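Generate coordinates for the entire structure from the input sequences, incorporating the hints supplied.
Given next are the chains, with one letter for each unit.
Number of protein chains: 4
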Amino acid sequence: MVTLDFHPTGRHFLQIPGPSPVPDRILRAMSLPTIDHRGPEFGALGKRVLQGIGQVFQTKQPVVIYPASGTGAWEAALANVMSPGDHVLMYETGHFATLWQKMATRLGLKTEFLGLPGVEGWRRGVQAHLIEERLKADVGHAIKAVCVVHNETSTGATSNILAVRRAIDAAKHPALLLVDSISGLASAEYKHDEWGVDVTVSGSQKGLMLPPGISFNALSARALEASRSAKLPKSFWAWDEIVEMNKSGYWPYTPNTNLLYGLAEACDMLLDPHFGGLQGVFARHRRWAEGVRSAVKAWGLEIQCTETQSQSPVLTGVVMPEGVDADAVRKLIYERFDLSLGTGLGKVKGRMFRIGHLGDCNDLTLMAALSGCEMGLKLSGVKLAGSGVAAAMDYFAGHPAPVALQQAA
Amino acid sequence: MVTLDFHPTGRHFLQIPGPSPVPDRILRAMSLPTIDHRGPEFGALGKRVLQGIGQVFQTKQPVVIYPASGTGAWEAALANVMSPGDHVLMYETGHFATLWQKMATRLGLKTEFLGLPGVEGWRRGVQAHLIEERLKADVGHAIKAVCVVHNETSTGATSNILAVRRAIDAAKHPALLLVDSISGLASAEYKHDEWGVDVTVSGSQKGLMLPPGISFNALSARALEASRSAKLPKSFWAWDEIVEMNKSGYWPYTPNTNLLYGLAEACDMLLDPHFGGLQGVFARHRRWAEGVRSAVKAWGLEIQCTETQSQSPVLTGVVMPEGVDADAVRKLIYERFDLSLGTGLGKVKGRMFRIGHLGDCNDLTLMAALSGCEMGLKLSGVKLAGSGVAAAMDYFAGHPAPVALQQAA
Amino acid sequence: MVTLDFHPTGRHFLQIPGPSPVPDRILRAMSLPTIDHRGPEFGALGKRVLQGIGQVFQTKQPVVIYPASGTGAWEAALANVMSPGDHVLMYETGHFATLWQKMATRLGLKTEFLGLPGVEGWRRGVQAHLIEERLKADVGHAIKAVCVVHNETSTGATSNILAVRRAIDAAKHPALLLVDSISGLASAEYKHDEWGVDVTVSGSQKGLMLPPGISFNALSARALEASRSAKLPKSFWAWDEIVEMNKSGYWPYTPNTNLLYGLAEACDMLLDPHFGGLQGVFARHRRWAEGVRSAVKAWGLEIQCTETQSQSPVLTGVVMPEGVDADAVRKLIYERFDLSLGTGLGKVKGRMFRIGHLGDCNDLTLMAALSGCEMGLKLSGVKLAGSGVAAAMDYFAGHPAPVALQQAA
Amino acid sequence: MVTLDFHPTGRHFLQIPGPSPVPDRILRAMSLPTIDHRGPEFGALGKRVLQGIGQVFQTKQPVVIYPASGTGAWEAALANVMSPGDHVLMYETGHFATLWQKMATRLGLKTEFLGLPGVEGWRRGVQAHLIEERLKADVGHAIKAVCVVHNETSTGATSNILAVRRAIDAAKHPALLLVDSISGLASAEYKHDEWGVDVTVSGSQKGLMLPPGISFNALSARALEASRSAKLPKSFWAWDEIVEMNKSGYWPYTPNTNLLYGLAEACDMLLDPHFGGLQGVFARHRRWAEGVRSAVKAWGLEIQCTETQSQSPVLTGVVMPEGVDADAVRKLIYERFDLSLGTGLGKVKGRMFRIGHLGDCNDLTLMAALSGCEMGLKLSGVKLAGSGVAAAMDYFAGHPAPVALQQAA
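Protein chains in written order, with the UniProt record's numbering: chain A, 1 to 409; chain B, 1 to 409; chain H, 1 to 409; chain U, 1 to 409.
I should point out that these hints are in silico values taken from the structure, not numbers from a laboratory.
Bear in mind the structure is a predicted one, so any value in this text is a computation, not a measurement.
Hints are not guaranteed to be accurate.
The list makes no distinction among identical chains, and a pair is therefore deemed to hold if it is satisfied within one copy or across any two copies.
What the hints assert, rightly or not - With a cut-off of at most 27 Å between alpha-carbon atoms, the simulated DSSO-like pairs for lysine-lysine come out as follows:
id	residue 1	residue 2
1	K331	K47
2	K231	K110
3	K347	K247
4	K247	K102
5	K231	K102
6	K349	K47
7	K247	K331
8	K297	K383
9	K297	K378
10	K247	K349
11	K383	K347
12	K297	K347
Spelled out as structure tokens, the structure:
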């Protein structure tokens, strides 16, 4: 059997901001035998996951599930509502915003990339007032869509999507609002309907705690309407047939059955009222993030996202002092402590690393990760102001989780 | 945990032509924890699966693995080498050829659909001489690609791809040869390099014995060259970055890690010399097909594919007598005997059903399936000339499998 | 990973009378992480399995679960209620009755082995009147226990335990009634309380559909009382501490946690009202047995158990014609058709083989097994009167299962 | 499916001294389908595990594998070599030594319990000189066996077995040497042959990293000889038939097949030369123990085992200050931090808790456990001299593991 085993002993600590650790319950559910995607059992599964994922997106509108990883869902969002040469306003929060912008350009759209100068935009969330100003200036309504990233995975900044919605409304602009919440969904609060988002893009390997391989477009009525006249070529990504067939719990082409088993299990876990449901999920992530940030502060290191209200509940970017190569630190930590951390990407390559604190975590997995970081930083010669591990213990001990650990079966 | 359990007892018999039954070894391999797709362990996994899948395609050229199901790989093949309005010659072997043609049309290509009239083309393989004639007539070389289906899953006809290659060569035509071997690969002999195919499209849930969710484009130098100037918008499907990053065992965006575990295991199984390697795989499928066809003949029923040399080693279409609704028969068999059979699709809807005999099968799984069919046909009032089950037992008993069952560990 | 893979392709057919095929649901449940057997989660699990297994035994009295395979539970039953030199009356139904008798002798008991002469007793169930006669003759009540096998796994005879109870009562004899229902429980009707059994011995790897490794003693008040004064040395097997600690869901020593996960799942499956509950389980086994016997009769071969009312719902012994070595037939079937059948044991070694039709079976797994047998018998040169496969198809098609296959999720 | 889920999120930390965390590789191996324990595939498996487990015991003599948990193997060791009323000299190292002594008494042996007075013996290893003195006094050789515990799981003291062997030899006494290495094997160095042990008892759920359910007796020629004349009743535990049948890879009764799959995988992992083989295993445990002890010392708390050379590589007992209820601390830690610790047993109930550092651990799982302890101790009002977590980080960072983490696949 497949065992590319690099780990002499113990469980690897996967504290990157996705793929996040997959719970045993989900791995077991995913390993049940594949069934006929045209049989009656599948129809029941299909309805179940569609109902569950809608609750996670906090939407009553259709959610399209693609048998493709998250990058595909970015393309799907654009391909369904855009026509060649369309003008889209995108906001640069970091590396993933940049990748989405490159994709839009490659697909033949005219992209305008808004943001703060230099790396400054990579240390904050979306500045909604810049969007409002730009849209007001677009008196001819040339801009067809506004694209923002909810939780910028490369920096650890979570943007205020409702503020973006209000900015568009304030500008009285008809542009569609497209949001990437690939790493935000099911970790950070997200309200597709209430926030008036037209397309939300997400993926499986973050807060949903699944392996990569399925992804999502949550839709609005306006988005569906736009898709009827949009001219970018689309077939695999086309919403129309999928939304229609989903009514009976099926898909027009072969879905990713075993990941749907996992998704059903994930929804059961996330929505379980014994553990506080979705609000419990969000509260857990906020608390973990506080604990991790208290460690970074105690080390005397900078957090990548400087805007307090935008610091992500999902991950924290840790900036290295001048002269320290963040990737060398990560490598040492991986090799010595069997801990995977996220690399710095794009403009901050080598300048920072990222600690994921999402999904199937708890206080002690984070204490393990912080211990690995602290040992690794010291071994790398980074001068620390104090013990982040001690600070995080103070925080976690001092702030009990809102939902009690133990629950009746 | 997820248990949509429709089965009071015993294992379901999944004898559709894909998804095929997934072996326990693969399900277990797939359920190992997800790892960092940017870490060193992943690079080793990536190189291993790329090396293995090349052997399965019998190619030394790049094979692109998409974290998307098979329909996506159809789109990928077209999106990489075609430009809007390009003329493609496609051949109608059945429903899946038709779906691919519809996709090509939807993507903005000018499709020409060659084939025999009525349902006649759905009962045979590709008639290579028709392609040769058509290409010879295309003196201006307007046709940019020839698209054929290797194993037409809707009918059970396996076409001679080498004959198509020779037809193109005989016409001295520069069109690219694009082949769908989604349901042929790893069951029916397939030689990407030797047969001079430019792009072979395949998927995971057939001969590779995996759940659906990953798919493939095997490339040629000419295809890669064409992709550099082709103008259909492409990003997720674009070969360039993938082929480049694959050299180190990685992908430009998040791959479907757990299905790659499964793929590594599948390659180990398919290429295992103790079980005869790939040639053993093909010999097993040929033998199973013979056994199943001997049953259909004994029942006095027609086989959908009438061209003997094209009858598929992967599945057999069983045509119902006039007045019998094949789907009613299938439903009865499913409900009474927990056996899934393939439905008739498109032009032959309700006229036939399909028995899959691919992947993780053996003589007795097929005897079980044939028993279920025979009981179901009788219960549905279909008059049978004789016992197909008896005929299949005669065949299997009389023709030992070429590779002995038992092997040293 | 462990892969002693002797199977080039497809799923092995394990049609021995135990271990029976383990359902995927159970294998997945068993693979969840081991927990602290002294923690609160375990207590909830313990109570759940003890409650479930009581329902399966149809008892309200304690059931002791041993972290040991079934042979251990035989020893436990004797060690708890017997003293050295005690006289026990055992009944020879076949090989397993003989093994239990040997064990009792080895443990220092005075065993008396009742039965019909020669192999005659191996072709019938317990003759309760012989027990009654013997007990009546034992006016001094020297006999301390009567030991019978409910379902003799070596022959396929299911005895009438209620008749044995009545025989003891009719003789007004105080002997305890000890019953081995290792291969009967959860397949053949069994009522521990209603039938007045003092100790029922059972194991996991038969009707409970688990791997081997845990076993059971269901108790009565009289058995518990007897255990307080019995003098055979006992510690691991001693009921007293286990019964006491079980009240809180725990065990005095380390239990077999992962098999208990499987047991919880097995109880859920067996007791599931959607599938007819326990009565549905028994009805399924009776029907399978009828189908298999119809095949044996059509072959013109003898069934090992000649007493119609005792023919087992769990397995069927198939007697070979003179001169045919049953084990050679089995070996050929294993090697050619990847089907495991039970060997003839003890007095019938080489004279018969056994087909298991228990646990996680359905019509088609049995059709597969019968096809393998029919092909193997023919290849071995056994002259068959007709097709057993055809007869079984007639039976199964003609007698729908009492519980519909398909159920709402 | 079975989900008694008490854990809202993240992986539970099972840091008790057994059952130890079961690696994913082993859980997956154990979930493969159960096979016929009389078929050829099983014979290959049987030989493989017997060969592997012999290497782990460092013996060339037979190792008996029981389908029963560890307590059974204690009984087996006694039942095979003892006769009713035999005199055995046992040594009190702690709770498990006491339980074994109670078992021996219950089985009808005359036990003599040697040891230091009060709890003093519970804080040290076996004092071999006391055994030597006692045996010298036994000039009539009434004592038939000396029973000691290698690694006392209740206290964390690892005794010098070679010293005990030498003590017996120095006394020129013929008593057999029986050793319980249930929690020592595969974690602490153990040499069955070289140390001249007659019977070593072990179990699966400790250093072997398996769930509970199988257990072991490693034998010597003298033990086998003794078993031929020993008079305690034995059948299930009897070595004779097992040792004989094991020669062909089989067992006289149904073995615990799925745990044997796990055992094969465990042996592969423990003996893997890429990770340093058995010596690598021992070195890892010694290092972990040092790290944990450095934490306890920094807290200013006492270690249960005061004899430095006997401090266990497997677990560490942490003594609470006067007035602190260790179980209340454990409960708080479990409920707040999802970490299971071992309770104080017997004489030290409520006075200490135990941290397991065995099997599938690594530096960060131990840092997680120590963080949970430190937070829990503080929350319980225990005054700590300093941060044990900081001390352990210093130790682990300062002492790289002898085998590099990363290995080629």
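| field | Hints violated by the structure (numbers, ascending) | value | none
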